[in-house]
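Q: Take these sequences, add in the hints, and give me the full structure.
Protein chains: 2
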Amino acid sequence: MALGERGGWDKSESRYCGVETDFNDDMPHLLSFNLSSGGFDFVVASLMDPNYRPSLMEKDIGGGSHVLPFAGSDLVLSPSQWSSHVVGKISSWIDLDSEDEILRTDSETTLKQEISWASHLSLQACLLPSPKGASCANYARCVNQILQSLNNMQLWLRIPLVKNDDDTTDFIPSVSTVTYAQILSWRIFSIHVYSRVRGDSWELWNSFRLLCEHHSQLSVALDVLSSLPSANSLGRWLGEPVRAAIIHTDSFLTNARGYPCLSRRHQKLITGFLNHSIQVVISGKLNHGVPSVSLDSALDHTGTNVESSQRHSLRPYLDYIAYLYQRMDPLPEQERFELSYRDFLQSPLQGHNPLFHIISDEFCTIEFSNYYLSFQPLMDNLEAQTYETFEKDSVKYIQYQRAIGNALVDRVPDEEASSLTTVLMVVGAGRGPLVRASLQAAEETGRKLKIYAVEKNPNAVVTLHVSELLGSFGDNELSPECLDGAQRFLKQDGISIPSSYTSFIQPVTASKLHNDVIPCLCAQVSPLEAISFSSKCALALQVKSHKDVVHFETAYVVKVHSVARLAPCEPVFTFTHPNFSTKKSNQRYKKLRFEIPSDTGSAMVHGFAGYFDAMLYKDVHLGIEPSTATPNMFSCCASSSVCFVESYFDTGLQIPAWFAIFFPLRTPVCIRPGSPLEVHFWRCCGSTKVWYEWCVASPNPSPVHNSNGRSYWVGL
Amino acid sequence: MALGERGGWDKSESRYCGVETDFNDDMPHLLSFNLSSGGFDFVVASLMDPNYRPSLMEKDIGGGSHVLPFAGSDLVLSPSQWSSHVVGKISSWIDLDSEDEILRTDSETTLKQEISWASHLSLQACLLPSPKGASCANYARCVNQILQSLNNMQLWLRIPLVKNDDDTTDFIPSVSTVTYAQILSWRIFSIHVYSRVRGDSWELWNSFRLLCEHHSQLSVALDVLSSLPSANSLGRWLGEPVRAAIIHTDSFLTNARGYPCLSRRHQKLITGFLNHSIQVVISGKLNHGVPSVSLDSALDHTGTNVESSQRHSLRPYLDYIAYLYQRMDPLPEQERFELSYRDFLQSPLQGHNPLFHIISDEFCTIEFSNYYLSFQPLMDNLEAQTYETFEKDSVKYIQYQRAIGNALVDRVPDEEASSLTTVLMVVGAGRGPLVRASLQAAEETGRKLKIYAVEKNPNAVVTLHVSELLGSFGDNELSPECLDGAQRFLKQDGISIPSSYTSFIQPVTASKLHNDVIPCLCAQVSPLEAISFSSKCALALQVKSHKDVVHFETAYVVKVHSVARLAPCEPVFTFTHPNFSTKKSNQRYKKLRFEIPSDTGSAMVHGFAGYFDAMLYKDVHLGIEPSTATPNMFSCCASSSVCFVESYFDTGLQIPAWFAIFFPLRTPVCIRPGSPLEVHFWRCCGSTKVWYEWCVASPNPSPVHNSNGRSYWVGL
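Chains A and B, in that order, are what the protein sequence lines are.
The first sequence begins at 37 in this note's numbering and counts up one residue at a time.
The second sequence begins at 37 in this note's numbering and counts up one residue at a time.
A couple of the hints might just be wrong.
The list makes no distinction among identical chains, and a pair is therefore deemed to hold if it is satisfied within one copy or across any two copies.
[As the list claims (entries may be wrong)] Pairs of lysine to aspartate or glutamate residues, derived as EDC-like cross-links and limited to a Cα-Cα distance of at most 20 Å, are as follows:
1. K627 x E144
2. K627 x E137
3. K484 x E451
4. K725 x E144
5. K626 x E135
6. K321 x D286
7. K619 x D136
8. K627 x E517
9. K619 x E452
10. K654 x D446
11. K304 x D286
12. K620 x E517
13. K620 x E144
Just so you know, these hints were derived from the structure itself, not from any lab.
A: Now the structure itself:
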């Protein structure tokens, strides 16, 4: 029945809430109890009798049939019931890294049998128990083998969200002192065994996924317990492939009326999860004396022996999560518009062909032949629909209008308003919004203005609209070179809008983006196509294992959402216009150091999110650098360039991109607090092209990416 | 004239000795002085006037021609003189990581101009000055750009062989406090500037080559100074691509007669270099009062103003190196035979087709149909020449003969020698040497023997010769499975020769092997073909950048020579024969930990060298594990299997490989003292094949290699 409605827009997975159950061989009853009377959307249910051990089976041979003790045949539920409402819970007793060879072998056999069965049932996911000790290599090796030939099923590795070393109050039951014989003799229905994770459970996940080579079908189910790690430590998980948050009933508090509720920190965490398509699963027993529930039912909360007409003992927890969900702020229109762009890589629009058509009121056309670009396919003219997207960003044009207005008033005193005409050159004028903004600024300030609109797209000219210059990292789309070219039309006292722009980067965990950087898939597909590609990729393992260097040396425009920002942004390159220096060069080199906060723990850097900030005119700025971003600015890989002109031009203006840019690392780098991440970025200019190179120098040097612009460049 | 003759066999590069000279614009004189009168084979000479600075040139424009100040035109020497006798020495003042932007830009311009010139001259190599500081990212970025489009030329990065932190007596001139203006004002001919390398100069090299992505044309020239790091620290360099050792005259001592000589440690180091095709270059001034040399000439040792008839002042140093070279022990015949196999990867011969032909004295043929193998191309029958190679290994057969003799005496008391006949089954008998050894053992001990020779190769049967079972890592060629199969013919009290075998691994630095693991090149070429491939590879950069996972997940048979063994071997898997246990499995799992000695410093692990040791019978063993290796055993990817049989067989015997095996790592792992290397190895058995998987778990987890045997396996 889902958690409810959230303004009608949220179609994400996080609407659905599950419940963890014990083994029950009456699956139809288990399902109807938890779904119909419990209100849950799915169950996380054991598929096999927890008493089963392959090594004991062989002793019992006695001529009997070798039917494995699965929970009912595949026919007890319909195929769609299995796939929509059941997540398979792999036997939690398994321990593939035990010192006991029999337990290890039994564990491997059982794991493979259960996954094979779940796969036969077409389940969407299986929950893998948490590794029992600090070492997980054999468990990971076996899961990795399974992943090589798995259908579409996801494997959720259960990882407890425990505090770091410094906290000693989190006791987690350990099996380190329990023998296999004891486990066998317990014959209990459910063994919740966690390792006493030494230090940081993220490390355990990190080892496991590295051993499994970032496989896209391996993801995380986080166990949320009563105490939580620091906010920085939790923040790392937003860049990891977390699919589910398993909230234990004993992490709930009790409110004044006896109902379960969560601490503020827990609320914030769960809200964050719901906002990142992470599903909630309730686990545990009723711990709260909720008035309307009879105490008897609390003992059998999973519905094993309870009438289905009876209210589900865990319903109050579900109701509380639904309350949190419905209470979340509705997304603003702009965010809703951008939903489908979240975390989808787009090839950056590759600069302009500055074979500009200058359109003035006379529609004269001038060719800047020295700026002719040799076009790449994506450097082609934009389609009409793309212009629509760009032009939605009204905040951008308001900022331009303010900057132009301020500049006009500064340049032309009131007393000369009727006599002096300012000449403005709009470089990359698009279909006209900047021209419109300029005209409005002139009208508002009562100044006279003559506009030259420069546009390279002949189709835009035909329809009397014009395109805009492009960019996403300040200077990444040749704005310095274009404006240098336009500068020769600028008077010595002319001004440029923007007067300067600076690019910024920060290291991010971005497992989805890393997995999406796959040859031939990202380059030329729209976000919607990319969705269908995404599931195809899951199968195309060969493709991933042959990762193409070219695609890991390309920067992508992306609306980053499921990423963890590991450190504050640092400035990279700055360009100032106009620049009349004789030895000017648009080459740049910057060494950057990032230090992650000590309470974050270690983290994986998949690459760098890049932003820009542009000073338009004096204090009017425009940008997407998170700490200073212009609020509510619609952001999509677009930029514009305007030059104020007076015989010819007095000012030029250029603002770049709106979504962030993502510079991937071919091999993700693990960083630890106290070991700064040293990164080098170059902006290189050749005779025919401009490109970036980048590398990590510390803690471990990476290859220099994109040497000579071999993978990614913009033609001059 | 080379260093002399060493038994007429040594055709390696290390016969040639060079001399480092200062800038001289009279190249023909420089060459004739150092070669004809000095006796050197080549010069390491500056190509450009050290006073040149691009930024100063531009100031001097004044209409003059812009000819760069190179040392003579390309026509002053013949093309073959340039390429055979000149190594270009890049201006040592360059500092691409300076804080001074003008120096940085000048350095980049000069570096590119000089390399471009050297490349035009078809020089074989250029010597790059050592990075000036701890940071080398911009220098490496620029060199990496150059490498992307370089012809066959090698770039030798000069790295001082300095002691670690603990040693503070090595003073190396530092430029950290020198301004660019000072450098310009010095106007000196040669500035030997080294960074005060903090800690370990290997780290500097390691950063540089990681940034350049292990490029095969980037190598090392080591500066040998008067004090040396520890033996373990030096040992690392044997696995790195060291091409030259530049020995400074002040690292020489003076002997009783006033001549230069080297300390024992230096002698050992230089001998080691000469044995690894590393060329010696003499550098510096005459520091020794050698009687026959006039003191005047000492001042102009590079020959700038010295008559060519005069004896070269550095000649005594060259003579001493030649003396060391000629004094080296000649290689034993076996080593000479193996020279062409050194460090060449060969695909492991992939097991046997156990469709055995059992050849007894009746030549009956039995098919073991349950052991039929689906053949890979390389699993085909061996050619006659390969047998020749195997059979050269007489020590192997002597050990077998001893083991068989001892077993015969143990089984048959003297008093029954004439009545009891022992039945012997030779599994994988090849062309007969083990049969011959068995017959000799019987004759020697006076025991009666009946032999069944089992061989799968029908051609070997036709010629009345027989082949041998293959293997290189103890169990890697299905010996356990083959002997398990043969075991059903073995009596309960039968014995197997060997009674057990164990595989071993150790982590190695092996940059050549790493660079040779390139798709499609290694798999099916002989060592001689591989040589020509090797130079083709240098050009085929695209190929390298698309490194194929499959080739990095394959184990190779290789005569390891230029490798650094970083830690003692650890045992991996052991198999014992006969094995009558009912639940026996040939699956294995081993976790290994390696600790590198603290005085080694950090080191790069490119993979693991694998060996075996086999217990033939009681104390008679045979193996290649370095600490216990059978001396003088010729070793080439061969193994044999013999079973003693009595109605049918009483004993079985199997010995595996002779060269080592190499398990690569897809991404080399850097290890540091105090952080153990944790490695996991699995031997996995499926219904149709047997394979290994391996991974590094610590310090940083690697992917599990060869999951499900996707890249490398042996069919059952």
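Q: Which numbered hints turn out to be false for this structure?
A: As far as the earlier hints go, 8, 9 are violated by this structure, in ascending order.
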